[in-house]
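Enquirer: Chains as they are written, first to last, in my numbering: chain E, 1 to 151; chain V, 1 to 151.
Worth flagging that the hints you see were computed from the coordinates, not collected in a lab.
Every residue, glycine too, gets a C-beta built ideally from N, C-alpha and C.
Worth double-checking, as some hints may not be accurate.
To be verified - Anything over 12 Å on all C-beta distances counts as not near chain V; from chain E, calculated:
no.: 1; residue: Lys2
no.: 2; residue: Thr35
no.: 3; residue: Asp75
no.: 4; residue: Cys99
As the list claims (entries may be wrong) - Each computed DSBU-like pair below joins lysine-lysine, with the alpha-carbon atoms no more than 30 Å apart:
no.: 5; chain 1: E; residue 1: Lys149; chain 2: E; residue 2: Lys73
no.: 6; chain 1: E; residue 1: Lys57; chain 2: V; residue 2: Lys57
no.: 7; chain 1: E; residue 1: Lys108; chain 2: V; residue 2: Lys44
2 protein chains.
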Amino acid sequence: MKKALILLGCPESPSQTPMTIYANHKLSELGYDVTVASTPSAAKLLEVSDPEEYYIKNKIDIESSLDGLEPGKYDLLVGFAHKDAAISYFITFYHILQCESIALVFEKDHQLLEEFENMVAENTDAKIVAVRAFHNPTPLRVKFDRVLKEL
Amino acid sequence: MKKALILLGCPESPSQTPMTIYANHKLSELGYDVTVASTPSAAKLLEVSDPEEYYIKNKIDIESSLDGLEPGKYDLLVGFAHKDAAISYFITFYHILQCESIALVFEKDHQLLEEFENMVAENTDAKIVAVRAFHNPTPLRVKFDRVLKEL
Numbered sequence: 001m002k003k004a005l006i007l008l009g010c011p012e013s014p015s016q017t018p019m020t021i022y023a024n025h026k027l028s029e030l031g032y033d034v035t036v037a038s039t040p041s042a043a044k045l046l047e048v049s050d051p052e053e054y055y056i057k058n059k060i061d062i063e064s065s066l067d068g069l070e071p072g073k074y075d076l077l078v079g080f081a082h083k084d085a086a087i088s089y090f091i092t093f094y095h096i097l098q099c100e101s102i103a104l105v106f107e108k109d110h111q112l113l114e115e116f117e118n119m120v121a122e123n124t125d126a127k128i129v130a131v132r133a134f135h136n137p138t139p140l141r142v143k144f145d146r147v148l149k150e151l
Numbered sequence: 001m002k003k004a005l006i007l008l009g010c011p012e013s014p015s016q017t018p019m020t021i022y023a024n025h026k027l028s029e030l031g032y033d034v035t036v037a038s039t040p041s042a043a044k045l046l047e048v049s050d051p052e053e054y055y056i057k058n059k060i061d062i063e064s065s066l067d068g069l070e071p072g073k074y075d076l077l078v079g080f081a082h083k084d085a086a087i088s089y090f091i092t093f094y095h096i097l098q099c100e101s102i103a104l105v106f107e108k109d110h111q112l113l114e115e116f117e118n119m120v121a122e123n124t125d126a127k128i129v130a131v132r133a134f135h136n137p138t139p140l141r142v143k144f145d146r147v148l149k150e151l
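Required output: the full structure, derived from the provided sequences and hints.
Expert: Okay, here's the thing in structure tokens:
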């Protein structure tokens with residue numbers, strides 16, 4: 001079974017937890033065994049967001065997961081990249097895993113969005129889904145669905 | 001069957017969508033038939049957050065739901081109150097429904113939190129769950145669980 005890792009570096013965006021559930025659900029439908037690696041705060045949001053663990057089956061801590069990480073451990077990396085810290089995590093995981101990767105870049109500020117997008121583009125060959133968004137998940141969802149079709 | 005209404009006036013907080021799922025889940029366990037009334041943006045976040053509608057069974061638009069609202073239509077009102085607009089909605093729904101009510105007030109800024117709490121306290125006799133929180137849902141969840149035991 002193909003394995004996918006969803007990476008959450010920060011909890012601040014109101015779209016992130018909902019989009020994590022959505023991405024987990026879509027990737028499961030595509031046949032991936034999905035794991036979510038996150039900071040403790042982002043993990044707490046996932047717990048209240050899915051109290052019966054109906055959607056999210058595997059959760060690991062982002063820091064401690066770095067220890068056992070190696071090329072081939074996952075077939076797909078999907079990272080939420082909407083803060084410097086989150087992008088740094090994404091770049092780190094990308095270079096260790098060396099697998100197909102998708103960065104979800106979203107920000108309400110145009111300039112920051114471009115900055116984040118450039119950071120990912122300059123440091124990885126990941127597919128980039130970039131949208132100017134904050135609390136409306138639809139543009140991100142639509143573009144994410146589109147990039148999944150290219151996998 | 002007892003009926004509960006969860007009210008979402010704004011989508012901005014990262015805790016709101018996860019806590020809505022949680023509240024819906026807990027109230028269902030307590031035997032309530034739960035409906036969520038929300039702005040269109042908040043509704044979109046709920047949709048991606050629960051793509052199979054496993055948790056949220058009934059969703060209505062906050063504006064159009066006001067038309068048919070009357071005393072006795074719901075037995076419990078739970079409102080997220082973390083912006084002026086959301087608090088205005090809560091106060092309006094409270095006075096029309098005249099049922100047992102809980103306001104969930106959360107803000108990272110101490111002064112705003114107090115201001116929001118006072119707005120609710122001065123205009124309603126709702127139970128108030130107030131916490132200084134932004135992206136950590138735990139304090140809100142713990143206090144919400146506590147107030148549910150008093151119902």
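Enquirer: So, for every hint listed, does it hold in this structure?
Expert: Here is how each hint holds up against the structure:
| no. | hint | verdict |
| --- | --- | --- |
| 1 | Lys2 | holds (20 Å) |
| 2 | Thr35 | holds (19 Å) |
| 3 | Asp75 | holds (22 Å) |
| 4 | Cys99 | holds (25 Å) |
| 5 | E:Lys149 with E:Lys73 | holds (22 Å) |
| 6 | E:Lys57 with V:Lys57 | holds (22 Å) |
| 7 | E:Lys108 with V:Lys44 | holds (17 Å) |
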